[in-house]
Amino acid sequence: MDRNESEGLYDLSRAQVAAIQRTLTNGRGALTRRSVLRASGVGALSVGGLAALTGCGIPPAKREGGAQSSDDRSDQEKTLSFSNWTEYMDISEDEKSRPTLTEFTKRTGIKVKYTEDINDNVEFFGKIQPQLAAGQDTGRDLISVTDWLAGRMIRLGWAQKLDASLLPNAFANLSPQFRSPDWDPGRAYSYPWTGISTVIAYNSKATGGKKVDSVTQLLDDPSLKGRVGFLTEMRDTVGMTLLDIGKDPGDFTDADYDAAIGRLQKGVDKKQIRRFTGNDYTSDLDKGDLAACLAWAGDVIQLQAGNPDIKYAIPAAGYITSSDNLLVPAQARHQKNATRLIDYYYEPPVAARLAAYINYVCPVEGVLPELAKIDPALANNTLIIPDKAMAAKSNSFRSLTAKEEKAYEEKFAKLIGA
Amino acid sequence: MTATATAAPAAEPGVVHKRSLRRKLVPYWLLLPGILWLVVFFALPLVYQASTSVQTGSLEEGFKVTWHFQTYWDALTEYWPHFVRSVLYAGTATVLCLLLGYPLAYLIAFKAGRWRNLLLVLVIAPFFTSFLIRTLAWKTILSDSGPVVDVLDTVGFLDITNLLGMTDGSRVLATPLAVVTGLTYNFLPFMILPLYTSLERMDSRLHEAAGDLYAKPSTTFRKVTLPLSMPGVVSGTLLTFIPASGDYINAELLGSTDTKMVGNVIQSQFLRVLDYPTAAALSFILMAVVLIVVTIYIRRAGTEDLV
Chain A
7 MDRNESEGLY DLSRAQVAAI QRTLTNGRGA LTRRSVLRAS GVGALSVGGL AALTGCGIPP
67 AKREGGAQSS DDRSDQEKTL SFSNWTEYMD ISEDEKSRPT LTEFTKRTGI KVKYTEDIND
127 NVEFFGKIQP QLAAGQDTGR DLISVTDWLA GRMIRLGWAQ KLDASLLPNA FANLSPQFRS
187 PDWDPGRAYS YPWTGISTVI AYNSKATGGK KVDSVTQLLD DPSLKGRVGF LTEMRDTVGM
247 TLLDIGKDPG DFTDADYDAA IGRLQKGVDK KQIRRFTGND YTSDLDKGDL AACLAWAGDV
307 IQLQAGNPDI KYAIPAAGYI TSSDNLLVPA QARHQKNATR LIDYYYEPPV AARLAAYINY
367 VCPVEGVLPE LAKIDPALAN NTLIIPDKAM AAKSNSFRSL TAKEEKAYEE KFAKLIGA
Chain B
3 MTATATAAPA AEPGVVHKRS LRRKLVPYWL LLPGILWLVV FFALPLVYQA STSVQTGSLE
63 EGFKVTWHFQ TYWDALTEYW PHFVRSVLYA GTATVLCLLL GYPLAYLIAF KAGRWRNLLL
123 VLVIAPFFTS FLIRTLAWKT ILSDSGPVVD VLDTVGFLDI TNLLGMTDGS RVLATPLAVV
183 TGLTYNFLPF MILPLYTSLE RMDSRLHEAA GDLYAKPSTT FRKVTLPLSM PGVVSGTLLT
243 FIPASGDYIN AELLGSTDTK MVGNVIQSQF LRVLDYPTAA ALSFILMAVV LIVVTIYIRR
303 AGTEDLV
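So the sequence lines, in the order shown, correspond to chains A and B. Each residue of the first sequence is one higher than the last, beginning at 7 in this note's numbering. Each residue of the second sequence is one higher than the last, beginning at 3 in this note's numbering.
Source of the hints: derived by calculation from the structure; they are not laboratory data. These numbers come from a predicted model, not from an experiment. Careful, some of the hints might be misleading.
A partial selection of chain A residues facing chain B, derived with a Cβ cut-off under 8 Å [unchecked claim]: (1) Pro65; (2) Lys117; (3) Tyr120; (4) Leu162; (5) Ser289; (6) Ala408; (7) Ala419; (8) Ala424.
Cβ coordinates follow ideal geometry from the N, Cα and C atoms, glycine included.
Modelling step: build the complete structure from the supplied sequences, incorporating the hints.
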C-alpha cells in the first residue's frame, strides 16, 4: 500500500498498517487450518443459539378474498407488464419488434413491457411465491403458467377474478375443449394462451425406420433400450402412462397413480428409460441420443422444420392436453389493461398470426380460415388445429388437492431419481 | 501527519484521547462492510434455514417450528445414497482436476515464458460463457454417435469404465462418467488458479540449489516443489470439492435417474415437492458432511496455510 494513501485515507501510521496486514496474513487472524476449524465451531454454536430464538415459521400461503380488491390504476397508467415463456410470441423478420404486441399498443395506447422470464413452472413459482404469500405486488400484471400451477394459484387466492364484460371475444371464441377445466370452472380467473399436446416423438433414423406409437412400446421395446426419454412434468409423464394402462387421467385413484408409477419404475430399473427431461429433450432427439420420447407437439413441429427424420405419433390410447394460461396475479395494478390484452389475442386474425409463429395448439375457435390465409400447411396440421378425431383422443389431467399434489410429486421425484 | 499529531505536545488531552480511540476503532470500521455482508447474506439465511428444518406444516397452512428433528433422520435414511454419490463424484472430479491441473499450472508458472498471460487467459476464458451453456455443450461433445465416444469405445476405454460401473454399454451421456466429466471440466479453473499462484511465487533458486545438491529432477519435485506448493493443492482441492459436492446442474443435464446428487434432491424437495423442512435439513446435513470430509482432509494434508 502506498504510504501517502494509507496515511491520508485512514490516518494510520505505516507501522499500524503493517500490523493489520500481518494479523490478516500470518498472525492470529490468518486463514489457517486451526482458525477455519475454530471459526466453523463458533459458527455452529452461534447458529445453534440463534435457532433457539426463532419461533417464526412460514405463514400460511393461502389468502382469503384479498386478491380482487387491489386498486386498479389501468385508467391512469396505460402500461402493462407481461411475463411469458421464451419463444411464445411472434417476432418480426428483423427480430426487433413483436408485431401483434405492437398492434395492440397502436390500437389501445397501452404500452406492454414484455419479459420472457418463465422457463419452468416450479422455478417460477419459487420466484413469485415470497411476494404473493406476503400479499405484495410481484410487478407483473399478466403471467402465463401451466394448468396445475394456475390451479394452485387460484386455490391459494393468488389470482384476480377477471371482468367478463371486458372479454367479449375471449368468451365467444374460446374452444369448447378449454372451456371449463375443473380447476377454474367457467374460466373466471384464467384464459389459455396456448394448448399443449403431449405426444410421442421419435427419430426415425435412430429407430431404424421403426414407428413408435405407444407408451408400452417406449417402456418395453428392447430395440429402444437406453434411448427413451420421458418428461419431468409429472402430469405429462404419468398422464400418458395412465392412458396406456387404460385409466382416465381425468378421474383416477391413488392406486391407479401408484400402478402408473410402478410401470415407469420398471422402465427405469431395466434401464429402458435414459432420462427424464425438461425442454432439453429436443436436442437429444434431434441428434438421435434419444430414439423416442414423450414430446410437446409444438416442439415437434419446430424440430421437423430442421430435421425430416423427426416423426410423431398419437397413441391409440389417447394423449394429454394441457395449456398455458394467462392470469392476473393478486395485487397487480393493471388488471383492466391485462384483460384487454387477453381479449385482443382472442380475435381470430391475431390468434392466427400468433399460432403461425409458435406452432402450439390454438385455443381460439374460428382461427382456421385466418391461419389458412397465412400458411395453408399449418392450417391443415392437426397438432395446431385439432380435427374431430384428434380432439376425441385428447385427455386432461385432473386437478389435485394440496395433499395429493405433495404425495404424488414426492413419488414422482423418487421415480426420477431425486 | 500521524507522527506530528502524536508528537505534538501542545495538543489538548481530549483530542489525543479521541484520536487514539478513533484509531483503535479503525480496524472495526474496516471490518464492518464484510461483517454486515456476512450477517445479511450468510448468518441470517443460515438461521432461517435452521429454523425451517425443524418446522412442520404445508404450504397452504403454513409451517410452524415444532422442533421436529425427526426430519433429519428421515432425510438421511431416505437419501443417504445421494450423499454417498455426491462425495464420490465430487471427490473423483477433484482428483481428476488435480491430475490435470497440476502439470498445467506448473507449465504456466515455470515454462510458459511470454505465453504465460495468454495461457492464464485461456484457463479463465470459458468463464465468460454461462455455466449452463458450457454444460450443455458437453451433451454435444459426448453425444452417443459423436467422435469422442467412438474413439473411447474403439480404444477400449469404455470397457474399463463399464467394469468400474462408470458407464453403461457404449455410451457416455446419462452415466456417472458424464457427470464426473462435467464436474471436472466446470471446476478445473478453481484448481488451476490457486496452484498457479503457489507455484509462481516459489523461488526458482531453490530448484537450482536442489540440483547443486545432486537431487534428480524427480527428487527435486518430490522434496522441494510439491511440499512448497501444498497450500495451493489444499486450497485448490477445497475450492473444487466444496462447490462440486453441492452441484446439481451437471447431474441434471448429463446424468440419469441413478446419478442424481444431493443437490438435485434439495432442489426437487424445495421446488417440486414444496417440502421446505426436508430441503433445509438436507442442506444442513450436506454442510455437515462437507465440513467433516474437509476437516479430515486438512488434518491429513498437514498444512497450516490455506492460501
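Hint check:
| no. | hint | in the structure |
| --- | --- | --- |
| 1 | Pro65 | holds, 5 Å |
| 2 | Lys117 | violated, 30 Å |
| 3 | Tyr120 | violated, 22 Å |
| 4 | Leu162 | holds, 7 Å |
| 5 | Ser289 | holds, 7 Å |
| 6 | Ala408 | holds, 5 Å |
| 7 | Ala419 | holds, 5 Å |
| 8 | Ala424 | holds, 4 Å |
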